[in-house]
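S.K.: Since chain A is already given, all that's left is putting chain B on it; use the hints.
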Amino acid sequence: MEFLQLAINGIALGAAYALVALGFVLILNATGAVNFAQGDLVAAGGFLAVALAGFLPVPGLLLLPLVVILMAGLGLAVSAAAYWPLRDRPPVAVFISTIALGIVIQNGLNGLFGAEPRAAPPLFSGGHLEFFGLVIARQSLAIMGVAALLIGGVQLLLKHTQLGRRLRATAQDREVAAALGVPVGAMVALTFALAAALAGVAGLLLANQFFITPTHGTDFIVKAYIAVVIGGWGRVGGALAGAMLVALFETVVAAWTDYAVATGLLYAALLTILVFRPQGLFGEAEGRRA
Amino acid sequence: MAEALLTVAGLTVAYADVRAVEGVDLNVSAGEVVALIGANGAGKSSLLKGLMGLEARVQGNITFAGSDLAGLSPLRRARLGIGYVPEGRRVFPGMTAEENLLVASREDSAARTVRTAEMYALFPQLAVRRHAPAWQLSGGEQQMLAVARALMTRPRLLLVDEPTLGLAPATAQSVIRVLRGIAASGAAVLLAEQNARAALATADRAVLMRLGRIEASGTAKAIAGDERLLRSLMGG
Numbered sequence: 055m056e057f058l059q060l061a062i063n064g065i066a067l068g069a070a071y072a073l074v075a076l077g078f079v080l081i082l083n084a085t086g087a088v089n090f091a092q093g094d095l096v097a098a099g100g101f102l103a104v105a106l107a108g109f110l111p112v113p114g115l116l117l118l119p120l121v122v123i124l125m126a127g128l129g130l131a132v133s134a135a136a137y138w139p140l141r142d143r144p145p146v147a148v149f150i151s152t153i154a155l156g157i158v159i160q161n162g163l164n165g166l167f168g169a170e171p172r173a174a175p176p177l178f179s180g181g182h183l184e185f186f187g188l189v190i191a192r193q194s195l196a197i198m199g200v201a202a203l204l205i206g207g208v209q210l211l212l213k214h215t216q217l218g219r220r221l222r223a224t225a226q227d228r229e230v231a232a233a234l235g236v237p238v239g240a241m242v243a244l245t246f247a248l249a250a251a252l253a254g255v256a257g258l259l260l261a262n263q264f265f266i267t268p269t270h271g272t273d274f275i276v277k278a279y280i281a282v283v284i285g286g287w288g289r290v291g292g293a294l295a296g297a298m299l300v301a302l303f304e305t306v307v308a309a310w311t312d313y314a315v316a317t318g319l320l321y322a323a324l325l326t327i328l329v330f331r332p333q334g335l336f337g338e339a340e341g342r343r344a
Numbered sequence: 010m011a012e013a014l015l016t017v018a019g020l021t022v023a024y025a026d027v028r029a030v031e032g033v034d035l036n037v038s039a040g041e042v043v044a045l046i047g048a049n050g051a052g053k054s055s056l057l058k059g060l061m062g063l064e065a066r067v068q069g070n071i072t073f074a075g076s077d078l079a080g081l082s083p084l085r086r087a088r089l090g091i092g093y094v095p096e097g098r099r100v101f102p103g104m105t106a107e108e109n110l111l112v113a114s115r116e117d118s119a120a121r122t123v124r125t126a127e128m129y130a131l132f133p134q135l136a137v138r139r140h141a142p143a144w145q146l147s148g149g150e151q152q153m154l155a156v157a158r159a160l161m162t163r164p165r166l167l168l169v170d171e172p173t174l175g176l177a178p179a180t181a182q183s184v185i186r187v188l189r190g191i192a193a194s195g196a197a198v199l200l201a202e203q204n205a206r207a208a209l210a211t212a213d214r215a216v217l218m219r220l221g222r223i224e225a226s227g228t229a230k231a232i233a234g235d236e237r238l239l240r241s242l243m244g245g
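First to last, the sequence lines map onto chains A and B. So the first sequence is numbered by my numbering: it starts at 55 and just counts up by one. So the second sequence is numbered by my numbering: it starts at 10 and just counts up by one.
Extracted from the complex, chain A is given alone in its bound form (with noise of 0.2 Å):
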């Protein structure tokens, strides 16, 4: 019974890690480079949700369109300021400089809201319900709600219509994809508009679990790493995969451990991983990426 607890809360804090690791591949396949800033986001997510508390004293799920369209403003904001230019560069040269547009949100994050830790309101209520002797938080439920709807409507999106097909391809082949007629530029842009407000999400979702401060992008955005390299570099379902498997490190083996023991044996969970499988868990060959 103590290990279905666990595992519960250990989905729901999966569920939100898969929303950042989900942006994470989405920039991954589109650009061929990691966006470092993609943690950064979250914590941007979040503290946009504390702002927006302040002014609009509601539950969390009706700030939830609004960090959505915000979030998705920024990630336009950081396509153009970190990938536009370099956009004919090697992708290292993006890499570097997500991670300088990362320390600019956090230091802009810093001196908006300082350093103290804050919270996001809950997406309905707090409280819990009980089933059979299991006490699952009502916010744990609406994360895995919330996160289940999120990433089914990217993935009805990516694999029914014309746009995400689109995006796939300008994923898949970009010269190739502006050949037939793709817009690949804005394909890419909103990509980016995408992974942010996927961010905002978690971040929004985080922060009512977890307290938040400007520099906890970087917690955020070493999980997405792991998960992604755990599930398969560019693989979206080995992402999603990955991000359970790095949370359930974090509750279930944490609690019978403690967190610091739990954090070694995923490095160790990791290196065996990438030892006996450098593909990662879910990676196949390169050229039959979904």
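No false leads were mixed into what you were given.
What follows is a list of derived Cβ distance ranges for each label pair:
#, chain 1, residue 1, chain 2, residue 2, range
1, B, Ala119, A, Gly187, 48 to 58 Å
2, A, Phe149, B, Ala231, 49 to 59 Å
3, A, Arg192, B, Ala65, 48 to 58 Å
4, A, Gly86, B, Ala25, 18 to 28 Å
5, B, Ala119, A, Leu210, 18 to 28 Å
6, B, Ser194, A, Thr272, 53 to 63 Å
Which chain B residues stay away from chain A? Per the calculated CB distances, all over 10 Å, these:
#, residue
7, Arg28
8, Asp34
9, Ala39
10, Ala48
11, Arg124
12, Ala136
13, Val137
14, Gly149
15, Thr180
16, Val187
17, Asp213
18, Leu220
19, Glu224
20, Ala225
21, Ser226
22, Gly234
Source of the hints: derived by calculation from the structure; they are not laboratory data. Ideal Cβ placement from N, Cα and C applies to all residues, glycine included.
M.R.: Same frame as chain A, now just chain B:
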């Protein structure tokens, strides 16, 4: 001869200090197949990429259907009616065959469905494999998909780069036959090929390239009859 759909004058394509294409003059009219023939490294692919706007360092004049293409992005050129079948097929590997077709269309959903059905009629094998991921298709199927994908854009000029490379002879023949059919329907086809025999058998005119320059040009029939010229160019 009808007025040229594509007119190229003094085209140069360069990479760093190397000129892959130098001073090429060329024209292609609606309804004809023009074959670009030459050995590996002759500059055929660079020429096609230059026409499609995929190379940064291009000089010279390119006019398509009365529009000057200077400075236009590949997107704008595609939307003017230039289709491109790249060397090595380059289908979108993680998408199904059908998704590869659909993504290239700029029409509404109903017209997209109609056009896809037309492509399946042209390449029945693709209809059978429509739900397979593109990376699982055979080389021949991928080549058919690459041609069909470009045709989804309803091009007035189709640039085709090495469509028979690595294909079994029978498959290569069927791809070439389709290109002939495309020209018969009124579009222009500019076909880059190392397989001189296959290209000359289907083309109306041929342009022979060596080291980035045009070495000779004429009707496909006349070029095909000049064994010595062909051997000297292709190194055979």
